[in-house]
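Below are the chains, spelled out letter by letter.
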Amino acid sequence: MARFVVRRLVSMLIVLFAVSLVTFFIFQVLPNGDPAVRMAGKQPNETQIEAIREEWGFDEPVYVQYATTMEKLFTGDMISYFTQLNVVEEIWKGLPRTLALAIGAAILWMAFGVALGLYTAMRAGRVSDTLLTVLALIGISMPVFWIGALMNHYLGFELTKTLGFELFPNGGYVEFTENPLEWLHHLILPWIALSILFIGVYSRVLRSNVLDTMNQDYVRTARAKGVSERQVLLRHVLRNSLIPVVTLWGLDFAVVIGGGAILTETVFNLQGVGQYAADAIGQLDVPPILAVTMFGAFFVVFFNAIVDIVYAYLDPRIRLEESSA
Amino acid sequence: MSGPTLLSVDDLQVRFRTEEGTVHAVDGVSFEVRRGEVVAIVGESGAGKSVMAMTLMGLTRSPNAEISGRAHLGETELIGAAEDELQAIRGDRMAMIFQDPMSSLNPVYRVGDQIVEQIRAHTDVPETQAFGRAVDLLREVGIPAPEERARAFPHEFSGGMRQRALIAMGLSLEPELLIADEPTTALDVTIQAQILRLLKRLNTDRGVTTVLITHDLGVVADIADRVLVMYGGRIVESGTLDQIFYDPQHPYTWGLLGSIARLDRPRADRLAQITGQPPSLLSPPEGCHFRPRCPHRFSKCKQVPPLEARGGDGSHTDRCWLDPERKQALRTLESGEIGLEEPAA
Numbered sequence: 185m186a187r188f189v190v191r192r193l194v195s196m197l198i199v200l201f202a203v204s205l206v207t208f209f210i211f212q213v214l215p216n217g218d219p220a221v222r223m224a225g226k227q228p229n230e231t232q233i234e235a236i237r238e239e240w241g242f243d244e245p246v247y248v249q250y251a252t253t254m255e256k257l258f259t260g261d262m263i264s265y266f267t268q269l270n271v272v273e274e275i276w277k278g279l280p281r282t283l284a285l286a287i288g289a290a291i292l293w294m295a296f297g298v299a300l301g302l303y304t305a306m307r308a309g310r311v312s313d314t315l316l317t318v319l320a321l322i323g324i325s326m327p328v329f330w331i332g333a334l335m336n337h338y339l340g341f342e343l344t345k346t347l348g349f350e351l352f353p354n355g356g357y358v359e360f361t362e363n364p365l366e367w368l369h370h371l372i373l374p375w376i377a378l379s380i381l382f383i384g385v386y387s388r389v390l391r392s393n394v395l396d397t398m399n400q401d402y403v404r405t406a407r408a409k410g411v412s413e414r415q416v417l418l419r420h421v422l423r424n425s426l427i428p429v430v431t432l433w434g435l436d437f438a439v440v441i442g443g444g445a446i447l448t449e450t451v452f453n454l455q456g457v458g459q460y461a462a463d464a465i466g467q468l469d470v471p472p473i474l475a476v477t478m479f480g481a482f483f484v485v486f487f488n489a490i491v492d493i494v495y496a497y498l499d500p501r502i503r504l505e506e507s508s509a
Numbered sequence: 015m016s017g018p019t020l021l022s023v024d025d026l027q028v029r030f031r032t033e034e035g036t037v038h039a040v041d042g043v044s045f046e047v048r049r050g051e052v053v054a055i056v057g058e059s060g061a062g063k064s065v066m067a068m069t070l071m072g073l074t075r076s077p078n079a080e081i082s083g084r085a086h087l088g089e090t091e092l093i094g095a096a097e098d099e100l101q102a103i104r105g106d107r108m109a110m111i112f113q114d115p116m117s118s119l120n121p122v123y124r125v126g127d128q129i130v131e132q133i134r135a136h137t138d139v140p141e142t143q144a145f146g147r148a149v150d151l152l153r154e155v156g157i158p159a160p161e162e163r164a165r166a167f168p169h170e171f172s173g174g175m176r177q178r179a180l181i182a183m184g185l186s187l188e189p190e191l192l193i194a195d196e197p198t199t200a201l202d203v204t205i206q207a208q209i210l211r212l213l214k215r216l217n218t219d220r221g222v223t224t225v226l227i228t229h230d231l232g233v234v235a236d237i238a239d240r241v242l243v244m245y246g247g248r249i250v251e252s253g254t255l256d257q258i259f260y261d262p263q264h265p266y267t268w269g270l271l272g273s274i275a276r277l278d279r280p281r282a283d284r285l286a287q288i289t290g291q292p293p294s295l296l297s298p299p300e301g302c303h304f305r306p307r308c309p310h311r312f313s314k315c316k317q318v319p320p321l322e323a324r325g326g327d328g329s330h331t332d333r334c335w336l337d338p339e340r341k342q343a344l345r346t347l348e349s350g351e352i353g354l355e356e357p358a359a
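In order, the protein sequences belong to chains L and C. Residues in the first sequence are numbered consecutively from 185, following the numbering used here. Residues in the second sequence are numbered consecutively from 15, following the numbering used here.
Among the clues, some could well be false.
[Stated by the list, open to error] To be clear about the criterion: a stretch of chain L counts as covered by chain C if any three or more of its residues have a C-beta under 8 Å from a C-beta of chain C, and this derived list gives those stretches:
#1 406-415
#2 418-431
[To be verified] Coverage of chain C stretches by chain L, computed from C-beta distances (three or more under 8 Å per stretch; other residues unrestricted):
#3 45-55
#4 99-105
[What the hints assert, rightly or not] Chain L residues, not near chain C, derived (Cβ > 10 Å throughout):
#5 Pro-228
#6 Glu-238
#7 Tyr-247
#8 Val-248
#9 Met-306
#10 His-337
#11 Leu-343
#12 Thr-361
#13 Glu-362
#14 Val-385
#15 Val-389
#16 Gln-400
#17 Phe-482
#18 Phe-486
#19 Leu-498
Bear in mind the hints are in silico, worked out from the structure with no lab data behind them. Glycine included, C-beta positions come from ideal geometry on N, C-alpha and C.
Put together the whole structure using the sequences plus the hints.
Following this line, the structure appears as structure tokens:
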């Protein structure tokens, strides 16, 4: 276990370093990427630009710029080029919103994905299976910015107009500490919008896992033991079918936190980390983009390690010492 | 050796409807197993042995399966019984072990716990007590350090150990009947012998009535009291071990016996084989199913021969139209050429 943790930490550092390098240097080669020019306003003159360059250190060699930027990131002094706000503080501000969105949606998509996958597997080949399969495929095919916008317009806006009260709010976010009910109220649509795709994917994955597992010899053994069909299904079929799904879950969750929810947050105006990243990208604002990318990469790598640990627990055939970093 | 009838199967039929037509997997099988016996069911792959066993266990679950006939375990009717009735019988009064021990245990649970699961599926024994019982069972089937091994996962067991564990599991509730479906096929030869000795010991010491399904007559010779030879979904010959080995009546049985490699006879250039393919159960040959491969076929073979005794005390039955005298003349119990040479004319 100790060896595993150490190896994981080392590989995590390497990945984060690589991600930071790539992100930082992309902006050095991007056309129209010179931040000083863009910061100077619409009709800049050379002296202004020079002044900005000097003030922000853009005249330094690239590796010095990289080093200072990283130093500022880790000391928490990183400032956005455009809003002049502290980047790390902004991320901390958005994090609870992103986490609320991601955790709720992850629970939702896991629960519904598993329920739907199990149900369709049980009904494999029947009409209800075909119907739900088509539905899952539709769900997978609907982009979140489109379904989110539709929800916002019809459920948040039109429905409110028709009903005369807000069954669903039209975007926005309320702090949990401020009003837990309103918090929930504002998150329902984003949760659903974000989950739909994943529910579709997870139900398909689980369905095929369950169908595979049902033909396993050990399931036949369980039946021959006289175990009830329900127990066969839960203890043997589902338990073994869930192993790959749990892996997927951990990774998807990390991806959603680390930037996968950009569209959902933007559509519903949740002001989370994703939306922050989206705004920063629109302005080619290097510090927040770099910080959010590192933040996302950290979550992905971190959850990767968690998933490996959980995986070894779920499947005793896997030993941590042997699983590669 | 043999007591009252434990299992009686009467005209069991199992058909599967498929897109290409109906597969007649088990075609009117009748037999009895008496308490304390070891009965071997022998035949090639596809003879319907496993389907029959699975059907008796109530595990033929395909919606396309049509099952008819009767089968009694003691007084209990097995065919057409409600699922919860069968579930109560399975693992308790009737246990089954399977061909592939490598994949027959759930990889994510400890071996001991999987035995506990079976015990607790049928009794209210507390968990710790059931685990103690599992350890005892593992010891009984010859697993060293059973306390430790009960806490191990299946992947930490060898193939032979897993089959022992599965046998222990099967025996955990002292079933009246143990069905072993090719229990040694996936194992090394030395391990095969150990497992067979174990099954035999359990039969002699504990009186476990056993139905042993195999394609290997060599396996049968070690432990069976009686032998049923199955071919194309039907029983083609049935008798005691000695009757089948020393006085085989059906040309298919001659072929099976002829294809055993023997060390006590001069070596033939090549092992005798039964030419041709096992019959397709989708469109089986008319009459005797063995007819297309049989070197002694004649016109009458287009009718289905009944399974009946042709003499003696009636314990030895077969499905072949040939006269007993003719059979005597045709079969030559010499080195690997048991009567399967092409007919002269």
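The hints, checked one at a time:
no. : hint    : in the structure
1   : 406-415 : holds (count 9)
2   : 418-431 : holds (count 5)
3   : 45-55   : violated (count 0)
4   : 99-105  : holds (count 5)
5   : Pro-228 : 65 Å, holds
6   : Glu-238 : 63 Å, holds
7   : Tyr-247 : 50 Å, holds
8   : Val-248 : 54 Å, holds
9   : Met-306 : 13 Å, holds
10  : His-337 : 46 Å, holds
11  : Leu-343 : 44 Å, holds
12  : Thr-361 : 41 Å, holds
13  : Glu-362 : 44 Å, holds
14  : Val-385 : 24 Å, holds
15  : Val-389 : 18 Å, holds
16  : Gln-400 : 7 Å, violated
17  : Phe-482 : 31 Å, holds
18  : Phe-486 : 25 Å, holds
19  : Leu-498 : 7 Å, violated
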